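These protein sequence lines map, in sequence, to chains Z and X.
Read in order, the letters of the first sequence correspond to residues 1 to 535 in this note's numbering.
Read in order, the letters of the second sequence correspond to residues 1 to 216 in this note's numbering.
Check before you lean on any hint, since a few could be wrong.
[As the list claims (entries may be wrong)] With beta-carbon atoms standing in for the labels, derived distance ranges:
| # | chain 1 | residue 1 | chain 2 | residue 2 | range |
| --- | --- | --- | --- | --- | --- |
| 1 | Z | E130 | X | P166 | 34 to 42 Å |
| 2 | X | Y27 | Z | E32 | 50 to 58 Å |
| 3 | X | D203 | Z | S511 | 39 to 47 Å |
| 4 | X | T16 | Z | P68 | 34 to 42 Å |
| 5 | Z | E130 | X | P156 | 21 to 29 Å |
| 6 | X | P31 | Z | E130 | 31 to 39 Å |
| 7 | X | E91 | Z | L57 | 54 to 62 Å |
| 8 | Z | V12 | X | D184 | 47 to 55 Å |
| 9 | X | Y125 | Z | E31 | 37 to 45 Å |
| 10 | X | R79 | Z | R74 | 28 to 36 Å |
| 11 | Z | I65 | X | P31 | 34 to 42 Å |
[As the list claims (entries may be wrong)] Take a look, some chain Z residues computed to stay more than 10 Å from chain X by CB distance:
| # | residue |
| --- | --- |
| 12 | D61 |
| 13 | R63 |
| 14 | F75 |
| 15 | E78 |
| 16 | G84 |
| 17 | E256 |
| 18 | N407 |
Source of the hints: derived by calculation from the structure; they are not laboratory data.
Keep in mind it's a predicted model, so treat the numbers as computed, not measured.
Even for Gly, the Cβ is constructed at its ideal location relative to N, Cα and C.
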Amino acid sequence: MSEKTHRLGMVVSGSLTKGLEVRLDGATSIEEMAVGRYVTITGGKRSFFGMVTDISLGVTDERIILSPPAPADRFTAEVLSGTGTFGTLHVLPMLTIGGDTGDLIEGPQPVKTVPAHFAEVRLASQQDMELVFGGEDANMFYIGTPLDMETRICLDLPELVKRSNGIFGKSGTGKTFLTRVLLIGMLQKSKAVSLVFDMASEYGWEGSSESKHGKVKGLKQLFPANVAVVTLDEESSKRRKVSADFVVKIGYDEIEPEDIALLRQTLNLTDIGVEGVYQLSRKFGRTWVQKTLEINPDELPEGLNIHESSLQNIQRGLATIQRLPFLVPRSTDNVVQRILEYLDRGINVVLEFGRYTDITAYILVANLLSRRIYDQYRAKTEKAIAEDSPPPHPLVITIEEAHRFLNPATSSQTIFGIIAREMRKYNVTLLIIDQRPSGIDEEVMSQLGTKITCLLDNEKDIDAVLAGVSGRNELKSVLAKLESKQQALIFGHAVPMPVVVKTREYGSAASYNEFASSSPAGPKKAGKDIEELWG
Amino acid sequence: MSELSRRVGEVIESSTIEFTAQCYELYRSPPLGSLVKTACDSVDLYLPTPLGEVKTAGDVVEQYGIVYNVATTSIEPGRRPIARGKDEATEADIYRSSPQIEKLLRTEFNAIAVGHRQDGKVLYYLPANPPRIHSFVYQCVPEEVAEFSGSFAFLPMLMNARLAVPIEEVASAALRQMSRQAEDPARFLVSAGKELAALLGSDFGRLKAVLGRIQQ
């Protein structure tokens with residue numbers, strides 16, 4: 001750390017759990033501080049890396065407040081600033097750098113102690129930031145810059161996709177942009193393939209932007225060779241001049257009772273109705289949907305223990321589904337197989353819903369396809385383990401409106417609940433995008449590896465996102481002070497410590513070029529070299 | 001300026017924390033708050049030595065003091081001066097027509113010890129021994145004042161002293177004088193103020209009193 005930044009002050013008190021109090025020097029302007037900034041604290045043997053989580057004003061003598069200097073008395077005010085009156089920063093220590101040789105090789109370590117009294121506190125330098133968040137390389141993907149700094153904050157994407165992740169934020173805070181950036185990152189650096197359930201048709205092809213650019217390019221336009229767009233709504237795709245790779249049609253015979261059970265709320269089914277669905281499917285086998293719709297309620301077939309009203313309830317529900325144009329009595333095409341073929345070739349698949357932005361369609365299709373793809377993945381992974389052959393590409397399934405799938409009532413039934421819990425055993429993980437994280441099952445939230453959250457202002461949502469994170473009270477104040485656009489707090493598995501970033505630009509010609517230029521083949525990571533050297 | 005030209009008097013009373021000097025000339029005392037110094041050898045050359053031992057001159061210890069009180073009195077304690085100017089036009093005429101007055105009065109000043117210099121280094125704490133009686137007292141030249149006031153480490157000693165004169169007056173007079181030798185007087189006074197603020201953290205009233213007297 002040769003580069004010395006401006007000295008801010010020194011540590012005067014604190015604890016590991018509650019954070020450190022840093023008294024600012026008289027020369028440091030408190031107005032230039034900001035929550036979410038990083039500082040390095042130089043201890044005796046090692047440096048500490050922390051985040052500013054609160055800023056306050058202090059006085060040594062209460063009488064200064066009682067008889068403050070006259071407004072014209074600049075001299076007294078100047079003398080008192082930094083002596084009788086001073087600013088304090090509340091700093092949450094997060095990492096230690098340096099120290100013994102083990103630490104030097106392994107890089108920044110989670111903090112287990114605090115610096116001594118009067119340790120010097122400085123703004124983190126670019127080098128410190130790079131040491132902590134790593135430079136761009138084959139694995140590290142540039143996601144944004146920290147506040148007021150040029151350093152690139154990078155995410156370790158192969159690490160990221162090993163777990164399920166979440167992107168949260170109020171509507172209009174830039175979740176979609178962030179997701180686009182992250183999808184590109186995964187495409188370029190993680191060796192994982194994505195399956196995106198694109199409810200508003202904004203990832204695959206052109207999407208709209210609130211900024212001056214008006215329209216932003218989709219993944220397929222930037223990486224035509226690596227992305228396939230499939231659509232449920234051919235007409236909409238044609239109108240938007242999207243060159244869809246194929247059109248998804250789903251046969252009634254592909255619908256299973258679990259899919260209907262999940263739609264219980266949207267289809268207004270009763271508990272008994274849901275029971276009946278299972279019975280019907282047992283009785284009629286694969287064609288149960290068709291056959292159930294054909295039953296005349298007055299002539300119940302033999303061997304069914306369903307009340308007439310329940311049957312009508314089920315039939316009404318199924319009729320709602322039947323009206324979805326992409327459902328056909330019998331699909332000639334094996335959609336799942338075709339999607340899997342793309343995924344096997346390492347091609348990312350974006351499924352556009354076109355006009356069918358209705359949540360019923362979204363839940364039905366996402367759940368139905370994911371379950372079957374997951375089954376296939378599971379079989380393949382198990383086979384790979386048995387035969388000691390390479391497992392299939394890791395798969396990341398991106399879903400929006402996640403609280404509809406993963407709320408406490410349904411998360412145990414949907415495939416997404418299972419994926420979120422069982423995680424990476426079968427190489428399938430989730431990327432959850434949601435604006436109402438409090439609606440997601442706590443158990444699922446706790447399993448998310450990395451959470452990226454834009455501004456949230458609902459107390460419940462903030463609590464849900466930060467549940468179980470150390471220093472959550474401090475992070476709360478950081479989260480609540482995020483700007484409403486282009487800023488996000490990232491914490492969890494893929495970053496060594498929570499970090500506020502100004503998200504990388506997306507949507508201008510220059511930004512597209514930059515994405516295209518950061519090709520997957522970057523310089524090898526030093527760690528890997530060491531591994532190879534020493535075995 | 002030769003060393004002699006700055007010689008202002010001689011120590012006539014001395015203790016660890018302060019000394020009193022008599023000025024060679026009436027009313028020619030260094031002003032309140034000025035930095036003065038005495039110089040004496042660390043080895044006592046005047047006392048007899050055991051047989052055979054040869055005394056060599058030791059290091060010269062210079063003691064710094066800040067003038068906190070100046071007094072002009074009659075040389076005989078019981079004999080008070082009398083008013084003489086009834087028939088004189090000006091005050092100067094009194095001294096001219098009665099030249100003996102200057103011999104019957106004397107000016108003394110008290111200085112509080114604030115540090116010393118040994119081996120060429122300024123040390124902001126008390127020396128081992130107070131100055132001897134008849135040590136010469138010099139008024140410090142501007143360069144020396146600037147050097148001495150390069151650190152505010154003398155302020156604690158000054159502020160903690162118990163003197164007959166209000167210490168806020170002495171300290172502010174000293175700082176005002178020192179600021180004239182500083183490169184940036186305003187900056188100097190702010191820094192001094194900050195030092196005082198740290199020192200008087202628990203006594204905002206005293207701090208305000210000094211600050212009020214040193215601001216420009």
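We went through each hint and held it up to the structure:
Separation of Z:E130 from X:P166 is about 58 Å and departs from the stated range, judged on CB atoms against 34 to 42 Å. At about 54 Å, the CB distance of X:Y27 to Z:E32 agrees with the hint of 50 to 58 Å. At about 60 Å, the CB distance of X:D203 to Z:S511 disagrees with the hint of 39 to 47 Å. Between X:T16 and Z:P68 the Cβ separation comes to about 40 Å, which falls inside the hinted range of 34 to 42 Å.
Checking the proposed 21 to 29 Å range against Z:E130 and X:P156 shows it is violated: the Cβ atoms sit about 45 Å from each other. Between X:P31 and Z:E130 the beta carbons are some 59 Å apart, a value that contradicts the proposed interval 31 to 39 Å. For the hinted restraint 54 to 62 Å between X:E91 and Z:L57, the CB-CB distance of approximately 57 Å keeps it satisfied. Checked against the hint of 47 to 55 Å, the pair Z:V12 and X:D184 fails, with Cβ atoms roughly 30 Å apart.
The beta-carbon spacing between X:Y125 and Z:E31, approximately 40 Å, falls within the hinted interval of 37 to 45 Å. As the Cβ distance of X:R79 to Z:R74 is approximately 53 Å, the hint placing it in 28 to 36 Å is violated. Taken as a hint, the range 34 to 42 Å holds for the pair Z:I65 and X:P31, whose Cβ atoms sit roughly 37 Å apart. Not every beta carbon of chain X lies more than 10 Å from that of Z:D61, the smallest distance being close to 5 Å; the non-interface claim is violated.
A beta-carbon of chain X comes within 10 Å of the beta-carbon of Z:R63; the shortest separation is about 4 Å. The non-interface label for Z:F75 is inconsistent with chain X: the shortest C-beta to C-beta separation is roughly 4 Å, within 10 Å. The claim that Z:E78 lies off the interface is violated: its Cβ sits roughly 5 Å from the closest Cβ of chain X, which falls inside the 10 Å cut-off. Non-interface call for Z:G84 relative to chain X: violated, since the shortest CB-CB distance, roughly 5 Å, does not exceed 10 Å.
No beta-carbon of chain X is positioned within 10 Å of the beta-carbon of Z:E256; the least distance is around 75 Å. For Z:N407, the condition that its CB be more than 10 Å from all CB atoms of chain X holds, with the nearest at approximately 57 Å.
Hints 1, 3, 5, 6, 8, 10, 12, 13, 14, 15, 16 from the list above are not met by this structure, while the remaining hints are.
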